[in-house]
Amino acid sequence: MRRVLARLSDSALVVFVLGGLLSLPFYKADGLRERFVGAHAVAPGSTTAVLLVSLAIAVFSLLRRNHVWANPAQLTWDDHGDRAKSLRRRLWLALLSRFAVVGYVFVAAGLILGWPSDLPLVGALIAASALFGFRWANRPQSWPELGGPFLLALAGVLFAGPIVLWGVVAVLTVAAFPSGRAVRRDVLVRGWNARILRSVSAAFGDALALLPPARPVRVRPSNPLRFALAGALARRSALPFAVLVLLATPVLRHAFPVVGSVWWVGLGAYFSTVPLAGGLAEVIRTPGLRRWVPTSTRVLKLAALAVLTVAAAVWAATAVLLGLSFVPLVVPLVAWAVVRTVTRPDIDYTAGVSTDVGGVYLPVGLVFQVLRGPDLLLFGLLVLSYFHSS
Amino acid sequence: MSDVIISGRGVGVLVGDERWLFRGLDLAVPAGRCLALTGENGSGKSTLLRALYGLQELTEGTVLVAGHTPDEADIAFRRDVSVLLDDSAVFDEFTPGQHFDLLGGGQPAHELPEVPARGLSAGQRRRLLLLGALTKPHKALLLDEPERAVDASGRDWLKQMVNAAKGAGSAVVLASHYPPLVDAVADEVIEL
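Protein chains in written order, with this note's numbering: chain A, 2 to 391; chain B, 3 to 194.
Just chain A, same shape as in the assembly (with noise of 0.2 Å):
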């Protein structure tokens, strides 16, 4: 035991805290009950919708099929196998993983806001949504495919009844028949470099790295306002995502009444923008880049903010006509946040001295430099949820 005790890490502690959280609702679910829904009576159907959510994120993260790679070095020199089988397994792997999540949170939500009175369409609407996304990860990507994720976060946003979701589990296996592709070298090569991206953005803690890369765009960047409306325009390809967040907000909403929509809003806002403040997070850590641009740093910046509080007045704007309140000071608190999140300056590993935080060693330095920007939302939330509340 004791030789058990002592390869205990830092990290195994980390582990048992995060396991400690996560059993919660199973031996604390009325006092979760009390903390996320208070006195509020719980809406009928609110564990189906969240379910029906986090399908939506499932198999919109399925979708984006980061178990597409190969190496290069193996498609040159040991191609001879077949392809599609190392595919198919790291796609069992994802989608195990993800539903296992799902499963996780259904069950969650089951026991602090109640079970769904229907467990079979509950199964189906969890094989139907695995079936969609199995099938439509093994082909291309093409824009319909994202009709499975938005049926299923828009059933979740109607608090949709019985009828209804056995329609959904109808489209989806039926949308589900076309059958999978085989996939091009070039798609493998490029999914390998993303793959790349991914884990040193992972090692060294950077995920300004992750901002999605930029398509054509017609607009002329004579000046920096249309320098940054170009550069989110460019990575209109966030847009879906932004819709899924915009799906799920009101259901987590109504599913957890005691936080308030200021927090929602906020965070939902914040995450559906970041990805289009990419052109300014890339002229700022790229000085090749930098230099095609003859302005100074202040002025690119509040050109950002005044493209990214439009963006965020729009989803805000959205947020309202699906039920939560409006607060406006959060637009410019969100585009602010997201300025100062993208123009951090590259991070100081040389800052990464371990702290002892109540027994867990945490790179201090580190941590408040990656928190540059989610800093000011997260106190600008607090002070305005405190207003709002008032």
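Treat the hints as calculated values from the structure; they're not laboratory data.
Take the hints with a grain of salt, since some may be wrong.
What the hints assert, rightly or not - Cβ-to-Cβ under 7 Å is the rule here; a few derived chain B residues that face chain A:
1. A75
2. I77
3. D89
4. S90
5. A91
6. E95
7. Q100
8. D103
9. L104
What the hints assert, rightly or not - Coverage of chain A stretches by chain B, computed from C-beta distances (three or more under 8 Å per stretch; other residues unrestricted):
10. 127-133
11. 211-217
12. 255-264
These numbers were taken from a predicted model, which means no experiment stands behind them.
Glycine residues also receive a C-beta, built at the ideal position from the N, C-alpha and C atoms.
Given chain A, put chain B in place with the hints provided.
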């Protein structure tokens, strides 16, 4: 001389503890003249260019470029100095025309296709970078191996462009491994 744009006195960069890339170097490049840096790989050509742009600290000596101590973080310095360095890049999503819009110096004559830069070949991207460096209004022009990835006709075009920049009053420092280019544009050569 009052029209000297790029000057240096006793310039030296020490690599490691004891290897001097170059030392005791004096430079004086007036407006409309070109200094070429030649030498083997690793002889310090790019390092000297980086020093002139404020990206490399000098171990010894001082330099002045367009009246500034080189500091690429200083917008006034950047406005006076145009560069093509190893880290120069293009926006994949922008066409050549959109790149020139950014510079605000008008659209130069060119034969590049008006497609997003990701669709350009390596040589075309290099030409775009060169056009960007030459189009941007400047007093000093620093070019690191501009002939790289450019085809034979492009190299002739390059000679004309550098000579045109000199004619417009630029002080040019270029590092090159291509003797015909050096012969065609350089008024002075430093072999490192």
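Cross-check of the supplied hints:
Because the closest C-beta pair between A75(B) and chain A is about 9 Å apart, greater than 7 Å, the hint is violated. Taken as an interface hint, I77(B) checks out: its beta carbon lies about 5 Å from the nearest beta carbon of chain A, inside 7 Å. Annotation: D89(B) was flagged as interfacial toward chain A, and the flag holds, the nearest CB pair being 4 Å apart, inside 7 Å. Of the supplied interface hints, the one on S90(B) holds, with its beta-carbon coming within about 4 Å of a beta-carbon of chain A, less than 7 Å.
With 7 Å as the threshold, the beta carbon of A91(B) comes within range of chain A, its nearest partner Cβ sitting at about 4 Å, so the hint holds. Among the interface hints, the one on E95(B) holds; its C-beta lies about 4 Å from the nearest C-beta in chain A, closer than the 7 Å criterion. At its closest, the beta carbon of Q100(B) sits 6 Å from a beta carbon of chain A; the interface hint therefore holds under the 7 Å criterion. Nearest Cβ of chain A to the Cβ of D103(B): about 4 Å, under the 7 Å cut. The hint holds.
Annotation: L104(B) was flagged as interfacial toward chain A, and the flag holds, the nearest CB pair being 5 Å apart, inside 7 Å. Coverage of the segment 127-133 of chain A by chain B is violated. Counting CB-CB distances below 8 Å, 0 residues qualify, and the rule asks for three or more. Figure legend: the segment 211-217 of chain A, annotated as covered by chain B; annotation consistent (4 residues with Cβ-Cβ distances under 8 Å, at least 3 required). Evaluation of the coverage hint for the segment 255-264 of chain A: breached, as 0 residues show C-beta separations to chain B shorter than 8 Å, against a requirement of three.
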